[in-house]
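**Q** Chain order of the listed sequences is R and H.
Our numbering applies: residue 1 is where the first sequence begins, and numbers increase by one.
Our numbering applies: residue 1 is where the second sequence begins, and numbers increase by one.
Hint data in this document are derived by calculation from the structure and do not stem from the laboratory.
Here a beta-carbon is modelled for each residue, glycine too, at the ideal position from N, C-alpha and C.
Possibly wrong hints are sitting among the right ones.
Below, in silico cross-link-like pairs of lysine-lysine (PhoX-like), each with a Cα-Cα straight-line distance of 20 angstroms or less [as the list claims (entries may be wrong)]: (1) K320/H to K248/R; (2) K248/R to K19/H; (3) K257/R to K190/R.
What follows is a set of in silico ranges between Cβ atoms, one per label pair, in the way DEER data are often shown [unchecked claim]: (4) K257/R to E290/H: 25 to 35 angstroms; (5) S88/H to G137/R: 19 to 29 angstroms; (6) D125/H to H53/R: 25 to 35 angstroms; (7) S194/H to A254/R: 49 to 59 angstroms.
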Amino acid sequence: MNIVVLVKQVPDSGSERKLDPADNTVARASSDNVINEMDEYAIEEALTVKEAHGGEVTVLTVGPDTATDAIRKALSMGADKAVHVVDEALHGSDAVQTSAVLAAALSQLEYDLVLCGAEATDSQMSVMPALLSERLGIPQLSGARKLTVEGGTARIERQTDGGYWAVEAPLPAIVSTWDTINEPRYPSFKGIMAAKKKPVETRSLGDLGVDPSTVGLAAATTQVLDFAGRPPKGEGVKVPDEGDGAQKFVEFLASQKIV
Amino acid sequence: MAEVLVLAELNPAGGGVRKTTLEALTAARALGEPSAVVIGAPGTAAGVKDALAEYGAATVYVAETPEIDDYLVAPKAEVLASLVQEKSPAAVVVPSSPEGKEIAARVAVKIGSGFLTDVTEIAADGTATQVAFAGATIVHSKVTAGIPIYTLRGNSVTPEPAPAAGTEQQVTVSLSDSAKLARVVDRVVEQKSSRPELTEASIVVSGGRGVASAENFSIIEALADSLGAAVGASRAAVDSGFYPHSFQVGQTGKTVSPQLYVAVGISGAIQHRAGMQTSKTIVAINKDPEAPIFELADFGVVGDLNTVVPAATEQITARK
Ligand SMILES: Cc1cc2nc3c(=O)[nH]c(=O)nc-3n(C[C@H](O)[C@H](O)[C@H](O)COP(=O)(O)OP(=O)(O)OC[C@H]3O[C@@H](n4cnc5c(N)ncnc54)[C@H](O)[C@@H]3O)c2cc1C
Ligand SMILES: Nc1ncnc2c1ncn2[C@@H]1O[C@H](COP(=O)(O)O)[C@@H](O)[C@H]1O
């Protein structure tokens, strides 16, 4: 069972994140970059499937040089090797373009299963499985809280409001995972040491046969025109509860015509 | 006037149109004359046509086939994409549910367009407003390739009726084999709730770690019920097993944007704010006067939730 896990490096959602006023793209160079949290669940799931069925886990990332940190993290958790697509021309690519690059990279790999996070914390789009399913002609099993792989079929529980949908598809398929699916392992010391020796192949757009003029900011299918910080909220009212907290709360709701 | 296709999102089992659809019809009017697209099992359109017309659908395209709900996302994308290719509308607007975003993505690839997700406003010139980075940044953006596709975030636009003809037009559907790869074998409802859907509710009452136990969440539910609100929870509350994951609000949970958000025993971590920062009015109840949630709150009570919340519930109920 060959598994490819898509891993994205994102600005840490716990620290201040910014767009770069020079070209309105995500300011990646100046931020604390981390592996996208949801992708750790995809890696864990890949390792679990590998433990049951054998095979190899390959990490695939499209991102700048710094994204090697995210790759090392994935390798230290136990993935076997990595492919890092890095090319100056990629700067400013949007989801549609990134999916074309990921699809080109996947076409050069052998896989039975592609795993990815259900959402990247920077874009919050949750669209990569749909885009890749469309491009590669493989089924999309997105938003999984449970995955089982058996006899050439993948089955998931797709998390919904108040329940789930049971969905199944023949392999190869692309599955995206929520944080309800497992508990990602921490890299062990041994894992961290071993990761340093695992192969990381770098690929350019030329290696993938992708025309550089079709990606990047200039060719993007969407454009950020301008951005601004959210206007600060006016100073709110804060009252201590001196036995009348509930009453003041209800009076506030009444003043807003809510009750 | 230019035609704008609006994908109708429906409640399961003949439950009518969702509010998000009426919002999408309302937002679409900025760009042209909306037409609704109903994709479902035979008989689906009959029950929703009037509501769609009332909210501005000049035409209701009816694409019905028994197979449509047997497979995940791909069939609806295929039907919508071929209709877009046939009609060349000025734009396509889809409600921003998980399925809506995935349909938009697939249609974008099929027709060579760009798409914008979770937009909160669409201007007449096609410029969209989006909130990025946990609501901290407001962005204006545009689709620069092909027919623009937008997914509209729930509760961003107030639905306004604008009666139109709602002329029914049948669409012939034939699904390709590649749209039939991911089969939906079961739809399971685990929590039946009489409360409004979290992402659609106009009031949300959320509890955090401060609620202290699963049993004690009953005081959150009681306040919510007195206000006709949905119940939400912070990740700490979910991780502690106080409340089910599907009610989590924040970065890794639901994004809500109600008229009123009441945060009870929630500190206001940046990842929680990500899911509720754009709420119109925010109230916080927390015993720690330094809790960061108060920076966001229009009104805050510094006090013990165990006394403040039940008393407030009682007073709200008494006012009815
Ligand atoms: C990648 C990532 C993603 C995340 N995603 C999410 C997400 O989607 N949603 C989310 O919510 N969090 C998320 N988090 C977690 C987030 O950082 C916080 O840990 C979490 O929001 C804290 O929840 P809390 O406010 O309930 O708990 P705490 O921070 O522990 O706050 C509890 C509050 O309750 C108050 N309190 C205690 N007892 C009482 C009482 N009797 N009366 C009144 N007040 C009381 C305390 O003063 C305190 O302010 C994420 C974190 C990471 C790293
Ligand atoms: N540039 C990228 N490189 C590798 N994987 C990616 C990239 N962008 C997105 N992904 C994967 O797609 C998932 C969903 O991303 P998104 O659709 O942007 O929310 C992420 O969790 C990643 O697993």
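**Q** All hints are to be evaluated individually against the structure, with a verdict given for each.
**A** Outcome of the hint check:
This hinted pair checks out: K320/H and K248/R have alpha carbons roughly 17 angstroms apart, not beyond 20 angstroms. About 32 angstroms separates the Cα atoms of K248/R and K19/H, which puts this hinted pair outside 20 angstroms; it is violated. Our distance criterion of 20 angstroms between C-alpha atoms is broken by K257/R and K190/R, whose separation comes to about 61 angstroms. Between K257/R and E290/H the CB atoms are about 31 angstroms apart, so this pair conforms to the stated range of 25 to 35 angstroms.
For the hinted restraint 19 to 29 angstroms between S88/H and G137/R, the CB-CB distance of approximately 26 angstroms keeps it satisfied. Under the hint 25 to 35 angstroms, the C-beta atoms of D125/H and H53/R, about 53 angstroms apart, miss the expected range. Between S194/H and A254/R the beta carbons are some 25 angstroms apart, a value that contradicts the proposed interval 49 to 59 angstroms.
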